[in-house]
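*Asks:* Residues per chain, in single letters:
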Amino acid sequence: MSEIFSPHRLGLLIRNDAIADYRSLLIISATLAGIILILAMLSRGSSSENDYFYLLLYIGILLTWGPISSSRSFKELHDKTANEAYLLLPASTLEKMIARLLSVTVIFMGYLLVFMSLTSAVIESLNSLLFGKNNQWFHPLDVMEWSLFGHYLVIQSLYFLGAAWFRKTHFIKTTLAITIACIGLAVLTLVIVRFVLVPSFDDLELSIDSLYALYNGVIDVTEISLITLYFVGLPVLCWSVAWLRVRETQVSDGV
Amino acid sequence: MIEIKELCFSYGRKNLFQDMGLTLQPGNIYGLLGLNGAGKSTLLKLMTGLLFPTKGTLITLEYDPAKREPGLLSKLFVLPEELNTPGITDQEYVRARAPFYPNFDHESLARYLQEFDLPRERKLTTLSYGQKKKFLLSFGLACNASVVMLDEPTNGLDIPSKGLFRRLIAEALSDQQIFIISTHQVRDVDSLIDPIVILHEGTVLFNYTLAQVTSQVRMSHGVSRPDGNADGLLYSEPTVGGFSAVWKDESAADGPVDLELLFKSVIANPEIYSSLFEAERADT
Chain P
1 MSEIFSPHRL GLLIRNDAIA DYRSLLIISA TLAGIILILA MLSRGSSSEN DYFYLLLYIG
61 ILLTWGPISS SRSFKELHDK TANEAYLLLP ASTLEKMIAR LLSVTVIFMG YLLVFMSLTS
121 AVIESLNSLL FGKNNQWFHP LDVMEWSLFG HYLVIQSLYF LGAAWFRKTH FIKTTLAITI
181 ACIGLAVLTL VIVRFVLVPS FDDLELSIDS LYALYNGVID VTEISLITLY FVGLPVLCWS
241 VAWLRVRETQ VSDGV
Chain B
1 MIEIKELCFS YGRKNLFQDM GLTLQPGNIY GLLGLNGAGK STLLKLMTGL LFPTKGTLIT
61 LEYDPAKREP GLLSKLFVLP EELNTPGITD QEYVRARAPF YPNFDHESLA RYLQEFDLPR
121 ERKLTTLSYG QKKKFLLSFG LACNASVVML DEPTNGLDIP SKGLFRRLIA EALSDQQIFI
181 ISTHQVRDVD SLIDPIVILH EGTVLFNYTL AQVTSQVRMS HGVSRPDGNA DGLLYSEPTV
241 GGFSAVWKDE SAADGPVDLE LLFKSVIANP EIYSSLFEAE RADT
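Listed in order, the protein sequences are those of chains P and B. Going by this note's numbering, the residue at position 71 of the first sequence is 71; the numbering climbs one at a time, nothing skipped. Going by this note's numbering, the residue at position 25 of the second sequence is 25; the numbering climbs one at a time, nothing skipped.
It is possible that part of the hints are untrue.
As the list claims (entries may be wrong) - With a straight-line Cα cutoff of 30 Å, these simulated BS3-like cross-link-like pairs (lysine-lysine) come out:
{"no.": "1", "chain 1": "P", "residue 1": "Lys168", "chain 2": "B", "residue 2": "Lys132"}
{"no.": "2", "chain 1": "P", "residue 1": "Lys80", "chain 2": "B", "residue 2": "Lys248"}
{"no.": "3", "chain 1": "P", "residue 1": "Lys168", "chain 2": "B", "residue 2": "Lys123"}
{"no.": "4", "chain 1": "P", "residue 1": "Lys133", "chain 2": "B", "residue 2": "Lys67"}
{"no.": "5", "chain 1": "B", "residue 1": "Lys162", "chain 2": "P", "residue 2": "Lys75"}
{"no.": "6", "chain 1": "B", "residue 1": "Lys55", "chain 2": "P", "residue 2": "Lys80"}
{"no.": "7", "chain 1": "B", "residue 1": "Lys14", "chain 2": "B", "residue 2": "Lys264"}
{"no.": "8", "chain 1": "P", "residue 1": "Lys75", "chain 2": "B", "residue 2": "Lys132"}
{"no.": "9", "chain 1": "P", "residue 1": "Lys80", "chain 2": "B", "residue 2": "Lys162"}
{"no.": "10", "chain 1": "B", "residue 1": "Lys67", "chain 2": "B", "residue 2": "Lys55"}
{"no.": "11", "chain 1": "P", "residue 1": "Lys168", "chain 2": "B", "residue 2": "Lys14"}
{"no.": "12", "chain 1": "B", "residue 1": "Lys14", "chain 2": "B", "residue 2": "Lys55"}
{"no.": "13", "chain 1": "B", "residue 1": "Lys264", "chain 2": "B", "residue 2": "Lys67"}
{"no.": "14", "chain 1": "B", "residue 1": "Lys55", "chain 2": "B", "residue 2": "Lys132"}
{"no.": "15", "chain 1": "B", "residue 1": "Lys162", "chain 2": "B", "residue 2": "Lys132"}
Please keep in mind that the hints were generated in silico from the structure rather than gathered at the bench.
Working from the sequences, and respecting the hints, build out all of it.
*Replies:* Okay, here's the thing in structure tokens:
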């Protein structure tokens with residue numbers, strides 16, 4: 001059996017995580033179902049926006065629960081009493097990383113689709129029975145837009161890296177790091193645009209149309225590379241760095 | 001086999017091991033002894049890849065432990081001193097973890113758990129420290145791992161369990177296995193550990209079998225203090241009701257070895273013991 005990757009060991013790791021985490025998953029799911037029940041009953045059939053009630057909830061939960069789960073992907077790694085057992089679990093670092101990555105991406109997204117479908121079916125049946133009015137049920141096919149999952153993977157990858165990188169308060173530190181990076185990037189872009197492209201500005205009539213034309217010109221040239229960088233390059237980079245970080249981790253307790 | 005050559009390791013600027021060498025052979029239960037901070041736990045962590053050496057060679061079962069390859073990890077079991085069990089039942093734990101160990105024996109596990117009289121189907125987090133230790137020890141022995149490392153295994157065990165622990169460890173050892181017991185509680189592992197490895201000031205000060213020890217030194221207990229200048233006296237100390245002493249005696253027959261006394265004697269006279277066992281050191 002390969003020392004680097006074995007589907008059998010990967011399956012065992014996912015099962016190991018499932019056995020360890022299913023109780024907390026059930027508790028969180030039950031809590032969410034309760035909150036959704038209250039919201040759904042309060043807003044039942046009140047406006048046309050209710051057609052998107054569950055779709056918006058799905059997106060909201062995906063983009064909050066997902067990053068929070070991702071930022072806890074390597075919680076044992078930074079726990080002095082738990083990291084030994086995790087690091088000594090007979091599987092390669094790559095397998096351990098992929099197992100956690102699958103848990104917070106494919107498995108999580110799939111679970112959320114099933115959860116929302118079942119929850120909406122039960123709650124809206126109740127709404128119909130009790131009040132005679134209901135929101136539109138959640139249809140998994142409505143969210144089958146690749147850009148949503150693409151954006152989720154990008155966001156998730158950042159929090160996944162944060163989980164491996166930071167020792168404590170992974171979610172908060174990653175959020176702060178992303179905010180600072182975004183501000184830094186914005187300032188850098190402003191400086192580049194202002195000083196590097198300054199000759200272009202001299203003769204430029206600044207109007208919404210001209211800015212839009214400039215924007216389109218720039219985007220046309222670099223669109224494909226930017227999209228590739230965002231949807232593929234960034235997640236792959238984050239996952240790779242996370243893997244390297246886990247591979248180099250040592251138990252940190254002293255003598 | 002575990003082979004260490006010219007190993008260096010430091011915590012920050014503090015050097016812990018400097019050009020350390022040690023070879024551990026299968027079929028033995030090694031007792032790893034040392035003062036607080038001597039590096040016993042660190043050495044175990046280096047052997048398992050939980051820490052990386054800064055220099056030197058460390059080979060565990062023909063693997064580089066720092067790579068943490070599954071082939072090695074499936075042949076290792078480590079019982080740490082600090083226990084952190086997940087919030088799942090014992091049966092869930094076994095169902096989740098046992099498949100990672102190809103030689104895992106469920107029948108042995110059931111027998112060990114029965115011998116330790118452990119409650120079943122309980123959440124591991126609800127067990128007492130001693131019960132957790134017994135459970136993990138049973139699991140570790142049932143793994144049939146080639147290298148079993150136990151860090152302070154008798155801490156938290158009740159008095160009957162300590163005797164049971166000694167018996168189960170002795171029964172479980174096969175010719176292909178290496179057991180390493182790191183402990184301060186030498187009386188708990190008396191008559192179990194052999195050879196004895198003593199770490200002191202970053203080096204392996206002592207690595208000999210009890211047979212080698214008894215062929216070179218003799219221990220005595222008497223009511224009066226031995227003459228400090230007596231020929232062959234290596235160490236003496238007051239004990240309850242008298243004095244204990246360690247003597248250099250090449251004609252000594254096999255006799256009981258007081259591990260605590262031996263340890264204190266070696267730590268007090270490292271140079272004398274180095275020369276005393278020079279011949280054996282060359283052999284090993």
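*Asks:* Tell me the numbers of any earlier hints that the structure contravenes, in ascending order.
*Replies:* 2, 4, 5, 13 and 14
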